[in-house]
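*Asks:* Chains Z and D, in that order, are what the protein sequence lines are. Numbering follows this note's numbering, with no gaps: position 96 of the first sequence is 95. Numbering follows this note's numbering, with no gaps: position 92 of the second sequence is 91.
Keep in mind that the hints were calculated from the coordinates and are not lab data. Hints are supplied without guarantee of correctness; some may be wrong.
Copies of one chain are not kept apart here, so a pair can be met inside one copy or by any two copies together.
[Unchecked claim] The list that follows gives simulated cross-link-like pairs (lysine to any residue, SDA-like), each with its CA atoms no further than 20 Å apart:
{"hint": "1", "residue 1": "Lys93", "residue 2": "Ser57"}
{"hint": "2", "residue 1": "Lys93", "residue 2": "Ser1"}
{"hint": "3", "residue 1": "Lys101", "residue 2": "Asp14"}
{"hint": "4", "residue 1": "Lys101", "residue 2": "Gly83"}
{"hint": "5", "residue 1": "Lys101", "residue 2": "Asp82"}
{"hint": "6", "residue 1": "Lys101", "residue 2": "Glu60"}
{"hint": "7", "residue 1": "Lys93", "residue 2": "Ala110"}
{"hint": "8", "residue 1": "Lys93", "residue 2": "Asp39"}
{"hint": "9", "residue 1": "Lys101", "residue 2": "Cys81"}
{"hint": "10", "residue 1": "Lys101", "residue 2": "Asp84"}
{"hint": "11", "residue 1": "Lys101", "residue 2": "Phe13"}
{"hint": "12", "residue 1": "Lys93", "residue 2": "Arg58"}
{"hint": "13", "residue 1": "Lys93", "residue 2": "Arg10"}
{"hint": "14", "residue 1": "Lys93", "residue 2": "Gln59"}
Below, each chain spelled out in residue letters.
Protein chains: 2
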Amino acid sequence: MSDLPPEIRDRVTFDANGLVPAIIQDRDTRDVLMLGYMNDVALHRTLTSGRVWFWSRSRQEYWRKGDTSGAIQLVHGVEVDCDGDAILVSVTQKIAACHTGKWRCFDEGGALPVVADEFEKNTTDEG
Amino acid sequence: MSDLPPEIRDRVTFDANGLVPAIIQDRDTRDVLMLGYMNDVALHRTLTSGRVWFWSRSRQEYWRKGDTSGAIQLVHGVEVDCDGDAILVSVTQKIAACHTGKWRCFDEGGALPVVADEFEKNTTDEG
Numbered sequence: 000m001s002d003l004p005p006e007i008r009d010r011v012t013f014d015a016n017g018l019v020p021a022i023i024q025d026r027d028t029r030d031v032l033m034l035g036y037m038n039d040v041a042l043h044r045t046l047t048s049g050r051v052w053f054w055s056r057s058r059q060e061y062w063r064k065g066d067t068s069g070a071i072q073l074v075h076g077v078e079v080d081c082d083g084d085a086i087l088v089s090v091t092q093k094i095a096a097c098h099t100g101k102w103r104c105f106d107e108g109g110a111l112p113v114v115a116d117e118f119e120k121n122t123t124d125e126g
Numbered sequence: 000m001s002d003l004p005p006e007i008r009d010r011v012t013f014d015a016n017g018l019v020p021a022i023i024q025d026r027d028t029r030d031v032l033m034l035g036y037m038n039d040v041a042l043h044r045t046l047t048s049g050r051v052w053f054w055s056r057s058r059q060e061y062w063r064k065g066d067t068s069g070a071i072q073l074v075h076g077v078e079v080d081c082d083g084d085a086i087l088v089s090v091t092q093k094i095a096a097c098h099t100g101k102w103r104c105f106d107e108g109g110a111l112p113v114v115a116d117e118f119e120k121n122t123t124d125e126g
């Protein structure tokens, strides 16, 4: 248990492991930078410190983004979704979000092939 | 098991329940609309049909977004993150993403209070 106020805790649905996925979006470019996980302590620290905190599932420890890399995330706003099981954090990203040096973690993983002609067909179908 | 090609499956890390979180971003507004979950079948259908498919954890069934509401999502691109455990889908959203009628699911859940003066302090600290 953290110091997360009850009125905030009531709006967030943590999973069986006590975690909620947090989408990080850059405020200026509006790029989706990465997805991380927060427990109640990490969320509380994110809401109250101005910096983004995660719970690292692989390392099983708290992780204040950028402490070792300098790639810090400054918090502008935090929103919760309609059923409380996802968080969206608007940030100013310093340097780059991905540990590989790429701006977005999705720049590192890259695109999967999609069938574009089916997209065109669906577009036409919908007028 | 789906027909998801092995070279794609190798790039995606499904969790213990066979799911991967999928962030849905509107291509035009760049708004983050919602977070859903895909299994290998839903991902394969998303990559090949031009429409976004999810696995509904609450209903335990496949869910092609918009079939009942008309709020369909047309797929422009799909990316995977650096460690393969998150998906980002760029879409054209029809009507609105949230089942409540709000454009973004985060419009329905709304903002959590953040400490802004700490943000200013952190900004100053970082120069």
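*Asks:* Now, for every hint given, state plainly whether the structure supports it.
*Replies:* Now for the hints, and whether the structure bears them out:
1. In this homomeric assembly, lysine 93 and serine 57 never come within 20 Å of each other (Cα to Cα): the closest approach is 23 Å inside a single copy and 37 Å across copies.
2. For the homomeric pair lysine 93 and serine 1, neither the shortest alpha-carbon distance inside one copy (28 Å) nor that between copies (40 Å) is at most 20 Å.
3. When the C-alpha separation of lysine 101 and aspartate 14 is checked against a cutoff of 20 Å, the pair qualifies neither within a copy, at 30 Å, nor between copies, at 24 Å.
4. In this assembly of identical chains, the alpha carbons of lysine 101 and glycine 83 lie at most 20 Å apart only when taken from different copies (15 Å versus 30 Å within one copy).
5. Taking the shortest alpha-carbon separations for lysine 101 and aspartate 82, only the inter-copy value of 13 Å comes in at or below 20 Å, while the best intra-copy value is 32 Å.
6. Neither within a single protomer nor between protomers do lysine 101 and glutamate 60 lie at most 20 Å apart by alpha-carbon distance, with minima of 24 Å and 36 Å respectively.
7. Taking CA atoms no more than 20 Å apart as the test, lysine 93 paired with alanine 110 passes in neither setting, with 24 Å inside one copy and 23 Å between copies.
8. In the homo-oligomer, the alpha carbons of lysine 93 and aspartate 39 never lie at most 20 Å apart, since the shortest distance is 25 Å inside one protomer and 34 Å across protomers.
9. When the C-alpha separation of lysine 101 and cysteine 81 is checked against a cutoff of 20 Å, the pair qualifies only between copies, where the shortest distance is 9 Å, while the shortest distance within a copy is 31 Å.
10. Within a single copy, lysine 101 and aspartate 84 get their C-alpha atoms only as close as 28 Å, which misses the 20 Å cut-off; across copies the closest is 17 Å, which meets it.
11. Proximity of lysine 101 to phenylalanine 13 under the C-alpha cut-off of 20 Å is found in neither arrangement, the shortest distances being 30 Å within a copy and 23 Å between copies.
12. In this homomeric assembly, lysine 93 and arginine 58 never come within 20 Å of each other (Cα to Cα): the closest approach is 23 Å inside a single copy and 40 Å across copies.
13. In this homomeric assembly, lysine 93 and arginine 10 never come within 20 Å of each other (Cα to Cα): the closest approach is 29 Å inside a single copy and 27 Å across copies.
14. Taking the shortest alpha-carbon separations for lysine 93 and glutamine 59, neither the intra-copy value of 25 Å nor the inter-copy value of 40 Å comes in at or below 20 Å.
Hints 1, 2, 3, 6, 7, 8, 11, 12, 13, 14 from the earlier list are contradicted by this structure; the remaining hints agree with it.
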